[in-house]
Amino acid sequence: MSTTSSRALGTPLRRVEGRAKATGTARYAVEHSAPGAAYAWPVPATVARGAVTAVHCADALAEPGALAVLTHENAPRLREPQDATLAVLQSPEIAHRGQVAALAVAETLEAARACAAAVRVEYAQLPHDVVFRADHPRLYAPEQVNAGYPTDRERGGFDAAYAAAAVQLDATYRTPPLHNHPMEPHATVAEWDGSRLLVRDSDQGSSDARRTLADLFGLDPEDVLVVSEHVGGGFGSKGTPRPQLVLAAMAARVVQRPVKLALPRRLLAPLTGHRAPTVQRVRIGADRDGRITALAHESATCTSTVREFVEQSSVPSRVMYASPNSRTTHRVVALNLPSPSWMRAPGECPGMFALESAVDELAEACGVDPVELRIRNEPDAEPDSGRPFSSRGLVACLREGARRFGWHDRDPRPGVHREGGLLLGTGVAAATYPVYASPCAAEARAEPGGGFTVGINATDIGTGARTVLGQIAADALGVPADTVRALVGRSDLPRASVAGGSSGTASWGWAVHKACRELRLRLDRDHGGAVPPGGLTVTADTTEDVRAGSEYARHAFGAHFAEVQVDTGTGEVRVRRMLGMFAAGRILNPRTARSQFIGGMTMGLGMALLEGSTVDPRFGDHVEADLASYHVPTCADVPDIEVGWIDEEDPHLNPMGSKGIGEIGIVGAAAALTNALHHAVGHRFRTLPVHPDTVLAALGAL
Amino acid sequence: MDDESRRCPSSEVRLQVNGTPYRLRLDNRTTLLDTLREHLDLTGAKKGCDHGQCGACTVLVDGRRSNSCLLLAVALDGAAVTTVEGLADGERLHPLQEAFLEHDAFQCGYCTPGQLCSAAGVLAEAADGMPSAVTPVGESPRLDGGEIRERMSGNLCRCGAYPNIVRAVQDTAQAGAAR
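Line by line, the protein sequences are chains A and B. The letter at position 333 of the first sequence is residue 354 when you use our numbering, and the numbering goes up by one with no holes. The letter at position 95 of the second sequence is residue 172 when you use our numbering, and the numbering goes up by one with no holes.
Honestly, the hints are just simulated from the structure, not real lab data. Keep in mind that the hints are not guaranteed to be accurate.
Only part of the chain A face toward chain B is listed, based on derived beta-carbon distances under 8 Å [said to hold, decoys possible]: (1) 129; (2) 130; (3) 254; (4) 620; (5) 644; (6) 646; (7) 661; (8) 662.
Beyond 12 Å from chain A on every Cβ pair, some chain B residues (computed) [claimed, not checked]: (9) 91; (10) 100; (11) 103; (12) 155; (13) 165; (14) 206; (15) 214; (16) 223; (17) 235; (18) 246; (19) 253.
No experiment lies behind these values; they were computed from the predicted model shown. C-beta atoms are modelled at their ideal positions from N, C-alpha and C, and glycine is treated no differently.
For reference, chain A alone in the conformation it holds in the complex (with noise of 0.2 Å):
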């Protein structure tokens, strides 16, 4: 057996399940064949607040193929869950529109389409409230915002030292709720075999999926299995076990058969989470030289009155900028809408939006280059802790960024670089986002064939977490990657934290990379070496090594380059460049890593061009429910996108020396968007999306 060490870190391997994805093989959850499976669709609420009073189902179960239909009244009876929206069919009352009122279940697909849309629902309705303003009378300050941060955040004097400030800047941005929207809608097969339920699920993490049912349902753990081998995107929406989860279950109880429930993708906007819209109000002074001397980030947002979740919007201004001053805060306010929850990089996103934003607006008013007036406020330590940072390669990322772009041959004026009717742009923006570690557990086997295997309950969800584990596991055995497999998926593997808060490499890596390390020191120190004839498994668990936390300030960072032009007839904006460095320790697999960041900052350009949903004051709930009115980036829309990364050792991360990439792509994509914009056309947008004819009033404006 080879123990060199065969270094699978930091090589592009392919993707392991490249193959199955590419050839149509790979089966995401509800795609496993489950014989007499029953097919389930949801009946939506109509009303955004009231309760049901009856449910007619007479000409639903008189449709052919008619099973069942699941109402507040017979469906089974659940324990109460931690997290309220899962709490389906279980009291009549409706708090949005679009939750699930009632289940129909039939024996084909389109036999259970024409079951939900015969169920007739009455309402009592009551008065709705489903308009955000930043100064609703019910904005309150909750107890601690997503991720835990505290709500509010004050040092020095903001007050007094903006007055005092040479240059201030008080601009207030707005970002409207954002779908997920990943391709795979969300779904589940479901099937009980006694007290047993086995489920196929399409979630980022199916050791939290099987906790939720066994609580519902009152089962041992044991008893319940979640597999969930592909997984077609989540982007946060899958982080969380989802009403389809349930209902399955609930469906194939009481059918007695398998039941299959994929989500329509309109029903994706109401029951799967979305990012809620904020108002944020940045004010920055600063000197003449734009060193910041004040700087006040104030987030308002809404949640639902189901479940609260608060964006924490402003938490990157805890991170950013040096000053001596600060003021961060956060406000929400309750509607009756669907609940919010995390959509990729939660707080960073779109925090940095409105930070960066700001930041170009200081720097354009200070008369000072955009990337140097970063530079100059680069702090020693984490401004908001004081604690060090770990390590920090902001400035890095800004002027390797600047160099491969071309950023010093600027013309800084606004609005003056024509080419024939298009105006010409070019913007910065910096990145950051927090490194998150979560114990698991992982258990790694030499087998007696030869080769090894790792196994723990991650998900791919299309991270390539696969492939990047079992890199992991190769060189903490010392052998070459094509030797070792990683299963992942499946909750009757070693548990593990959600493919989340761009935690996954660094949580599960962490817990194989032990797992292969003890492995080994038995293989040698027992074994001489040699794998004994039954092979030899070790189990880790990380909760100590975890929980032992740091005395560093840990976060990634990044830098954004935009070349925007602006046809100023139409309002179009097209995209002509987009470049990311970022510095995020060390890159653990090339290839997927640049995908991911690609990824990410797609989304960005989503956000600050396309993407937007609006709320009806009418009847509750987004308009933009489907993928015709909810525009998210095509292929026509995205260029050819440049990404690097700055080589960063980090010993104070993990044993891989990584922070997370997932997330980092997005935040601050859509200001250096933005920022180049302005740049090209010399008006601030502060408001997203960009469509065209917000562009068009601002050029007849001029």
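The hints should help you fit chain B onto chain A, whose structure is shown.
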């Protein structure tokens, strides 16, 4: 109610899928996509929106790319359908599949079968001289980046693999032209 009156109108449909002939009795409401996924266990074609908005269900029908979620199987009697499962020649991958792997032209993989079938359609359309909205008038289409972006824009990818998809399709087109 007796069984007869509870039955939905159905029809016998003959389809050739990836070269294999099938005779199926299908509910007239059944789409080609659901026929493939629910009746033939060919789950390569994906259901992303079921409304012809995302392209994940793209297959080739009589050689032309189509959103299979918008086609009723009963209206396709006698059609030849190629799905992603039918692109490879046994164990030998289609050049587009190889190029997608090499360029990492996907992440979650859910849009990938539709992207691949769509790209196969693009190669055929360009070879047949069919222009797109960006083809200069009177000229034969050349599959450069702009042509590919335009022609592949019916296939959404939320993971944002577009630059890699464009490279994969372009490489395949150039290799084909060189042969």
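Structure-based check of each hint:
1. With a cut of 8 Å, the hint placing residue 129 of chain A at the interface with chain B holds, because the nearest CB-to-CB distance is about 6 Å.
2. Taking 8 Å as the C-beta cut-off, the interface hint given for residue 130 of chain A holds, the closest approach to chain B being about 6 Å.
3. Given the 8 Å rule on beta carbons, the hint for residue 254 of chain A holds: about 4 Å separates it from the nearest Cβ of chain B.
4. Look at residue 620 of chain A: its Cβ gets to within about 3 Å of chain B, closer than 8 Å, so that hint holds up.
5. A hinted interface residue such as residue 644 of chain A counts as satisfied when its beta carbon comes closer than 8 Å to some beta carbon of chain B; here the least separation is about 15 Å, so the hint is violated.
6. Interface restraint check: residue 646 of chain A against chain B, minimum CB-CB distance 11 Å, threshold 8 Å, status violated.
7. Proximity of residue 661 of chain A to chain B holds as hinted, the smallest CB-CB distance being about 5 Å (cut-off 8 Å).
8. A least Cβ separation of about 5 Å between residue 662 of chain A and chain B falls short of the 8 Å threshold, and the interface hint therefore holds.
9. No Cβ of chain A comes within 12 Å of the Cβ of residue 91 of chain B; the nearest lies about 20 Å off, and the non-interface call holds.
10. For residue 100 of chain B, the shortest C-beta to C-beta distance to chain A comes to about 19 Å, beyond the 12 Å cut-off, and the non-interface label holds.
11. With a minimum CB-CB distance of about 9 Å to chain A, residue 103 of chain B fails to clear the 12 Å threshold, and the non-interface call is violated.
12. The beta carbon of residue 155 of chain B is kept farther than 12 Å from every beta carbon of chain A, the shortest such distance being approximately 22 Å.
13. A Cβ of chain A approaches the Cβ of residue 165 of chain B within 12 Å, the least distance being about 6 Å, so the stated non-interface status is violated.
14. Residue-level check passed: residue 206 of chain B sits 21 Å from the nearest beta carbon of chain A, beyond 12 Å.
15. Separation of residue 214 of chain B from chain A is adequate, the least Cβ-Cβ distance of about 19 Å exceeding the 12 Å criterion.
16. Interface exclusion of residue 223 of chain B from chain A breaks down, the closest Cβ pair being 8 Å apart, not more than 12 Å.
17. Residue 235 of chain B, annotated as away from the interface, has a beta carbon of chain A within 12 Å; the closest lies near 5 Å.
18. The claim that residue 246 of chain B lies off the interface is violated: its Cβ sits roughly 10 Å from the closest Cβ of chain A, which falls inside the 12 Å cut-off.
19. Every C-beta of chain A lies more than 12 Å from that of residue 253 of chain B, the closest at about 18 Å, which supports listing it as non-interface.
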